[in-house]
Amino acid sequence: GQSLEQPSEVTAVEGAIVQINCTYQTSGFYGLSWYQQHDGGAPTFLSYNALDGLEETGRFSSFLSRSDSYGYLLLQELQMKDSASYFCAVRPLTTDSWGKLQFGAGTQVVVTP
Amino acid sequence: NAGVTQTPKFRVLKTGQSMTLLCAQDMNHEYMYWYRQDPGMGLRLIHYSVGEGTTAKGEVPDGYNVSRLKKQNFLLGLESAAPSQTSVYFCASQDSNQPQHFGDGTRLSIL
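So the sequences go chain by chain: A and B. Residues 1 to 113, numbered by our numbering, are exactly what the first sequence covers, in order. Residues 1 to 111, numbered by our numbering, are exactly what the second sequence covers, in order.
Hints were generated in silico from the structure; no laboratory data involved. Some hints could be false.
What follows is a set of in silico ranges between Cβ atoms, one per label pair, in the way DEER data are often shown [what the hints assert, rightly or not]:
hint: 1; chain 1: A; residue 1: A50; chain 2: B; residue 2: K71; range: 22 to 30 Å
hint: 2; chain 1: A; residue 1: S8; chain 2: B; residue 2: M27; range: 31 to 39 Å
hint: 3; chain 1: B; residue 1: L69; chain 2: A; residue 2: T11; range: 45 to 53 Å
hint: 4; chain 1: A; residue 1: V13; chain 2: B; residue 2: T15; range: 41 to 49 Å
Note that CB positions come from ideal geometry on N, CA and C, so glycine has one too.
Start from the sequences and build out the full structure, keeping to the hints where you can.
Have a look at this one:
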């Protein structure tokens, strides 16, 4: 089965860099995704790593190392609007549905002035 | 282009009552999902569908039923609501290997 672990909360000041780690115990998966969710809002897709290495999308980057069972989301030049919850998710190899995801519990990022 | 629309947005039920949550998507996606989100537990998959007329159980299916009679709609039913089903429910849709698109959620309280 799958088990994804994330820190519950991270606090940082505007302009700083935050790294959210996601460690997992898995028998195999297609890729690691990251979603952002503002309070009371819908989760929105941020990034996807199908292969090991770094994916960069503007101020956000995501990294995956299958050999280390580890990934992270990097938020650079933090802005107040980045205050939200961030979820990592994997699509297990055993799934019978292409998109079926298993989510971590989420990391609350608090950005302070 | 509305994307994924969930109705209702809020609902309060009494224990034992039944209700149906509606999810509609206008993106012609094959795959649709129902999740529940509880504090500190992330999103947990209830049921999903890989196409019109098909449904399958997810991680936490007990107490829920679903139907996908039309490709654009995915209905989630609670036959006899229980306080443990108080949660925020999210619907999502997806096209092949693209990211999932989520609705704005339905906040359901069971008294």
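**Request:** Look at the Cβ atoms of V13/A and T15/B and judge whether their distance stays inside 41 to 49 Å.
**Result:** holds, 46 Å
**Request:** Check the following: the C-beta atoms of A50/A and K71/B are separated by a distance inside 22 to 30 Å.
**Result:** holds, 27 Å
**Item:** Outcome for the supplied range 31 to 39 Å, where the beta carbon pair is S8/A and M27/B
**Value:** For S8/A and M27/B the Cβ distance comes to about 33 Å; the hint holds.
**Request:** With respect to the beta-carbon atoms only, verify the hint that L69/B and T11/A lie 45 to 53 Å apart.
**Result:** holds, 47 Å
When the structure is compared with the earlier hints, no violation turns up for any of them.
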